[in-house]
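Engineer: Keeping the supplied structure of chain A fixed, place chain B upon it in accordance with the hints.
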Amino acid sequence: GAVVSQHPSRVICKSGTSVKIECRSLDFQATTMFWYRQFPKQSLMLMATSNEGSKATYEQGVEKDKFLINHASLTLSTLTVTSAHPEDSSFYICSAREYGTATNEKLFFGSGTQLSVL
Amino acid sequence: GENVEQHPSTLSVQEGDSAVIKCTYSDSASNYFPWYKQELGKRPQLIIDIRSNVGEKKDQRIAVTLNKTAKHFSLHITETQPEDSAVYFCAAKRYNFNKFYFGSGTKLNVKP
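Read top to bottom, the protein sequences are chains A and B.
Mapping of the first sequence onto the working numbering: position 98 corresponds to residue 98, and the numbering continues sequentially without gaps.
Counting from 1 along the second sequence, just add 118 to a position and that's the residue number in the working numbering.
Chain A extracted, bound-state conformation:
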């Protein structure tokens, strides 16, 4: 299957600082990438849909100014957590939908980033 690379896998930062997480599709082009947040023993909570060359679409309740998403190319999307606070500590996972026909709908996940804000 296709490979999605996510970095860093783990980051610890101080409260008030910003953290950038990268999501790359390594062997395919992804017009659409998704960012999820996952709390322990819970499901994947969709935060936003990232579309190449346009603004991200955020889910209700997700602060656009706090979680900045950039999808500048068909292989890279970034999530920046700005002015991080301890309550932002979580497991963040990206996923990518392979570019192509509408029936080519497989979703591939990155390995996730465990963010800890002190």
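Since the hints were made in silico from the structure, they are not lab data.
Each hint should be verified, as a subset may be incorrect.
[Unchecked claim] Which residues of chain B face chain A? A partial, calculated answer using Cβ under 10 Å: (1) P152; (2) Q156; (3) G159; (4) R161; (5) Q163; (6) L164; (7) D167; (8) K176; (9) V205; (10) F207; (11) A209; (12) F220; (13) G221; (14) S222.
[Said to hold, decoys possible] Cut-off 25 Å, straight-line C-alpha distance, at most; resulting in silico cross-link-like pairs (DSS-like, lysine-lysine): (15) K55(A) to K20(A); (16) K41(A) to K160(B); (17) K106(A) to K217(B); (18) K229(B) to K106(A); (19) K20(A) to K229(B); (20) K160(B) to K106(A); (21) K225(B) to K189(B); (22) K186(B) to K106(A); (23) K229(B) to K140(B); (24) K225(B) to K176(B); (25) K176(B) to K106(A); (26) K14(A) to K64(A); (27) K20(A) to K217(B); (28) K55(A) to K14(A); (29) K41(A) to K229(B); (30) K186(B) to K140(B); (31) K140(B) to K41(A); (32) K160(B) to K225(B); (33) K64(A) to K229(B); (34) K189(B) to K217(B); (35) K106(A) to K55(A); (36) K106(A) to K175(B); (37) K189(B) to K106(A); (38) K41(A) to K217(B); (39) K217(B) to K66(A); (40) K225(B) to K41(A).
Keep in mind the model is a prediction, meaning the values are calculated, not measured.
Quick reminder that beta carbons are idealized off the backbone N, C-alpha and C, glycines included.
Structural biologist: Here is chain B on its own, set in the frame of chain A:
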């Protein structure tokens, strides 16, 4: 929008037994139903998927069935092994829509 419900939330089986996880969806226009397996601290991995023009699909010990009329689909794992222990997520997607809607997950524990 779509609402996907998944049951049970936890499931314990003895090694060698079968496990069944069920999901229901609300949007009759959904036409793609993948299942993901997530081991602790790792990424969800696609294990099997089914499209709405098919009623059943099998891949070795794993099978998925779809009942479009009732709007439910199920994951069946036969001859379970300890390495099957993980959290399983179902999902549903509508044709030409971007979003995948995920179930709440089932923690499967296979006891040796």
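Engineer: Next step is simple, just say for each hint if it's right about the structure.
Structural biologist: Consistency of the hints with the structure:
no.: 1; hint: P152; result: holds (7 Å)
no.: 2; hint: Q156; result: holds (9 Å)
no.: 3; hint: G159; result: holds (8 Å)
no.: 4; hint: R161; result: holds (4 Å)
no.: 5; hint: Q163; result: holds (7 Å)
no.: 6; hint: L164; result: holds (6 Å)
no.: 7; hint: D167; result: holds (7 Å)
no.: 8; hint: K176; result: violated (18 Å)
no.: 9; hint: V205; result: holds (8 Å)
no.: 10; hint: F207; result: holds (7 Å)
no.: 11; hint: A209; result: holds (8 Å)
no.: 12; hint: F220; result: holds (5 Å)
no.: 13; hint: G221; result: holds (7 Å)
no.: 14; hint: S222; result: holds (5 Å)
no.: 15; hint: K55(A) to K20(A); result: holds (17 Å)
no.: 16; hint: K41(A) to K160(B); result: holds (13 Å)
no.: 17; hint: K106(A) to K217(B); result: holds (12 Å)
no.: 18; hint: K229(B) to K106(A); result: violated (31 Å)
no.: 19; hint: K20(A) to K229(B); result: violated (40 Å)
no.: 20; hint: K160(B) to K106(A); result: holds (18 Å)
no.: 21; hint: K225(B) to K189(B); result: holds (22 Å)
no.: 22; hint: K186(B) to K106(A); result: holds (20 Å)
no.: 23; hint: K229(B) to K140(B); result: holds (21 Å)
no.: 24; hint: K225(B) to K176(B); result: holds (21 Å)
no.: 25; hint: K176(B) to K106(A); result: holds (17 Å)
no.: 26; hint: K14(A) to K64(A); result: holds (21 Å)
no.: 27; hint: K20(A) to K217(B); result: holds (24 Å)
no.: 28; hint: K55(A) to K14(A); result: violated (28 Å)
no.: 29; hint: K41(A) to K229(B); result: holds (19 Å)
no.: 30; hint: K186(B) to K140(B); result: holds (14 Å)
no.: 31; hint: K140(B) to K41(A); result: holds (18 Å)
no.: 32; hint: K160(B) to K225(B); result: holds (14 Å)
no.: 33; hint: K64(A) to K229(B); result: violated (44 Å)
no.: 34; hint: K189(B) to K217(B); result: holds (18 Å)
no.: 35; hint: K106(A) to K55(A); result: holds (22 Å)
no.: 36; hint: K106(A) to K175(B); result: holds (16 Å)
no.: 37; hint: K189(B) to K106(A); result: holds (21 Å)
no.: 38; hint: K41(A) to K217(B); result: holds (22 Å)
no.: 39; hint: K217(B) to K66(A); result: holds (22 Å)
no.: 40; hint: K225(B) to K41(A); result: holds (9 Å)
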